[in-house]
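Protein chains: 2
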Amino acid sequence: MTLYNDLLTQLADKLGPNGLLTAPDAIAPYCRDWRGLFQGQALAVLRPASTQELSDALALCASYPTPPNIVPQGGNTGLCGGATPNAEGANIVVSLSRMRAIGPLDTTDNTLAVEAGATLQAAQEAAAAEGMVLPLSIASEGSAQIGGIVATNAGGSKALRYGSARELVAGIEAVCIDGAKLDLMRSLRKDNTGYALRQLLVGSEGTLAIVTKALLRVQPAPNVREVAFCALPDDTAVLHLFRIAQQRASGNLEAFEYISGTAMNVATTYVEGLSLPFVESAPAYVLLELAGQDAALRETLEAILEQALEEECVIDAVLAENQSQAQALWRLREEQSEAQRLAGASIKHDISVPVPDVPELLARATRECTALMPDVRVAPFGHIGDGNIHLNIVQPATMPADVFLKEGKALTEAIHAAVKALDGSFSAEHGVGQLKTDLMETWRGGKELELMRRIKAAFDPEGRLNPGKVLP
Amino acid sequence: MTLYNDLLTQLADKLGPNGLLTAPDAIAPYCRDWRGLFQGQALAVLRPASTQELSDALALCASYPTPPNIVPQGGNTGLCGGATPNAEGANIVVSLSRMRAIGPLDTTDNTLAVEAGATLQAAQEAAAAEGMVLPLSIASEGSAQIGGIVATNAGGSKALRYGSARELVAGIEAVCIDGAKLDLMRSLRKDNTGYALRQLLVGSEGTLAIVTKALLRVQPAPNVREVAFCALPDDTAVLHLFRIAQQRASGNLEAFEYISGTAMNVATTYVEGLSLPFVESAPAYVLLELAGQDAALRETLEAILEQALEEECVIDAVLAENQSQAQALWRLREEQSEAQRLAGASIKHDISVPVPDVPELLARATRECTALMPDVRVAPFGHIGDGNIHLNIVQPATMPADVFLKEGKALTEAIHAAVKALDGSFSAEHGVGQLKTDLMETWRGGKELELMRRIKAAFDPEGRLNPGKVLP
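In order, the protein sequence lines correspond to chains A and B.
Under numbering that gives the first Met the number 0, read the first sequence as residues 0 to 471, first letter to last.
Under numbering that gives the first Met the number 0, read the second sequence as residues 0 to 471, first letter to last.
Because the hints were derived from the structure by calculation, they are not lab data.
As the structure is a prediction and not an experimental result, all values here were calculated from the model.
Ideal placement from N, C-alpha and C gives every residue a C-beta, glycine not left out.
You may find that some hints are simply not true.
Once the Cα atoms are required to be at most 35 Å apart in a straight line, the calculated DSBU-like pairs of lysine-lysine come out as [stated by the list, open to error]:
(1) A:LYS13 with B:LYS180
(2) A:LYS157 with B:LYS405
(3) A:LYS180 with B:LYS13
(4) A:LYS446 with B:LYS446
(5) B:LYS419 with A:LYS13
Here chain A is said to cover these stretches of chain B; the calculated rule only asks that three of the stretch's residues, wherever they fall, bring their Cβ under 8 Å from a Cβ of chain A [claimed, not checked]:
(6) 19-27
(7) 38-44
(8) 56-65
(9) 154-163
(10) 192-202
(11) 378-388
Short, incomplete list of chain B residues facing chain A, as computed with Cβ under 10 Å [what the hints assert, rightly or not]:
(12) SER96
(13) ARG97
(14) ALA100
(15) ILE101
(16) LYS180
(17) LEU181
(18) LEU207
(19) ALA208
(20) ALA294
(21) ASP422
(22) ALA427
(23) LYS435
(24) ASP437
(25) ALA457
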């Protein structure tokens, strides 16, 4: 790669010693994803201190006779290899971790400006410091950076009420592959002047432009919370309860978390000290949380449960009387992942279907998986209100993990077929990256994929920006 | 245009006598906008009965040796000529008014499927019939069709709480210029599988594809409403009150309507029987409405006003004690347009700025307009919470209307300069159409416009779909 020595020297001159990493040891962590599924290579890691530096550096790269590929990387917390360079080609990774300024927070506009390299958690804390909330939360928020959050349209557990990253992005600043800056930071609630470039960048996984800054919507933090935990007769009743809650909670429905009977059995079996607040176990459970400002939510929650008991979609329910009871109820939901880890190997599916079709999906997945593998534990749970159930399959207690994982491919195929039949998505939250590009042709093929390819070419004619990601 | 006789004959064969209009009298209404600002021409009007018919017809057109332009038109209620064919060239207008099926309404998913030719009002009524609300309302809703609503990202008075059309579109079906169908109707709250084509179509004003169907988000209709009308000391206090209302109303803030002192003076002077509920007039007024389900909103509204009086951002306030009082208070807002019509000629500006900058915009506009034209009445009002103020300028009482309209161009220029300095938009709601393409270069120029042009070419390489609209 001596071909690029000149370019690297010029980049180092421009960005200074902190701005360009070339030592193999320094580069290595940027060349593999955190789970170790993907291993790529890079000539260097570019660490600009400002949008202008990134712009200048990309313009310089573009002017080089054989311009390198550019691979943006945030907190390297992705699950599909979308931020890992490929194993061939001349790649320069761009890390924005030096650009992590947060603010100002505008309490009239309800927006918070955040540079791409700040972590989601740092942005959440900046909002909280002023009594506001940035209502986006994902497991990796301590490391995940805002640039990646925007580029992958991160979802998480609050999407039911507040939407995914897309709904929270009021503005974006980005740099194109040729170095041109795109200032889409206008914080306008109404603006009909041309195509929705900002929307297009959200979820494009760094293949159209590199997000350098975002303006995020924040809200006054709720000061009233009410939590209930319900036992339900079946999965259809879950949707019935969901309708009642939506009808009565009037926008204050903060969480509606589903736990299947199987998942709860796994949890109470494997997690020490975890027990049901009911005498008998049930086929399904729901944790309900209402949150708001100065609102009489206790009455609302009681009215929801009263109607649900009357209409027989709830068998039994408990309301938290205080903060510690609320935490205890939440623990029944939060220990699910840990419980499944303790139970052995599991296969997870980042799928979504239209909300009304969730019971049908669960029934079909359970039926088909147990037909393929008797004693397997189909143990779904999650935020049912957004159709993005964690359809996790836990190994049979008696089967070796490696056998399960190998034979489990057929289970995944059966689940994907069920999701596709319901017009769902094979990637609700995690994106396509390089892990799932092979599914795009079948799931999003034809004209849709043709237009995506043309849009890619419109932004990146030479295909140098994050090549091999999203599009097959 | 005998060149196209063959094509028209084939289209008539395919679509039947109802499917193609060619008589000049029948075509004429489709060739001019409803305000009579634009006059174009067309070979025919295509009126498909189904998406498949439109697809077949466009494929046939595309296969013709010299393919015609295609101009989609909804209810012809636009204000920028975006649906009017140009005066040269071989244009075929596409009207979807035969495709107006509505339903099903899904009360679990909270969505309503609507064909493009249905009016917004018909869709609202279908939702209301099942106790739901489609929270999008514009003045022309009795004629405006869903296809146009989606294609122009219609806004209206409920955008503060519910967003514009963009936020309410859960799915789109469309047909491309080559006849290919795009099925983006998947009703998934979470789906990260490639670029946001659906988002791109919203607001593209029929230049990228023709919307044939949409899946719209509906909500349970609120059953509690509380209304207050407030007098305020100045425009800065309006934002102060807005912050308090947002903080306390917790998502139940349904309307926050501003009326300037000047606008209110015009209204009480010209509209018979309209009078203030206060002894003295004030520099600014706000109408507040909270709405929700079974919520104690009276207490919330009282708490908002109590805090506002204490913090001196409200001078005086009245709360509606019943439905008829609420209507009387709303009339003070709703008669504003009529009042300005009675007061003579007025110049309207469809602008928006970031919400915190509204007072600065109003101050600057008032100062500069009165400097240019003493006695002019700068009489703004509107939904201040989305930054889209109706910045209307009413003629001086003593000046002839035609002189005012001619000399008023300088006022518009001053207002646009102020909006641009605040990083606002020259078209908050009405779009670009053919009326405002000349502003795109200055306001959205450089890389932004370049990318828009490339996106246009990605969807419509020959530039035959609604030519001359949006892009200069």
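Cross-check of the supplied hints:
no.	hint	result
1	A:LYS13 with B:LYS180	49 Å, violated
2	A:LYS157 with B:LYS405	53 Å, violated
3	A:LYS180 with B:LYS13	49 Å, violated
4	A:LYS446 with B:LYS446	26 Å, holds
5	B:LYS419 with A:LYS13	34 Å, holds
6	19-27	violated (count 0)
7	38-44	violated (count 0)
8	56-65	violated (count 0)
9	154-163	holds (count 4)
10	192-202	holds (count 9)
11	378-388	holds (count 4)
12	SER96	23 Å, violated
13	ARG97	24 Å, violated
14	ALA100	19 Å, violated
15	ILE101	18 Å, violated
16	LYS180	7 Å, holds
17	LEU181	6 Å, holds
18	LEU207	8 Å, holds
19	ALA208	9 Å, holds
20	ALA294	6 Å, holds
21	ASP422	5 Å, holds
22	ALA427	4 Å, holds
23	LYS435	8 Å, holds
24	ASP437	12 Å, violated
25	ALA457	4 Å, holds
The structure fails hints 1, 2, 3, 6, 7, 8, 12, 13, 14, 15, 24 (numbered hints given earlier, in ascending order).
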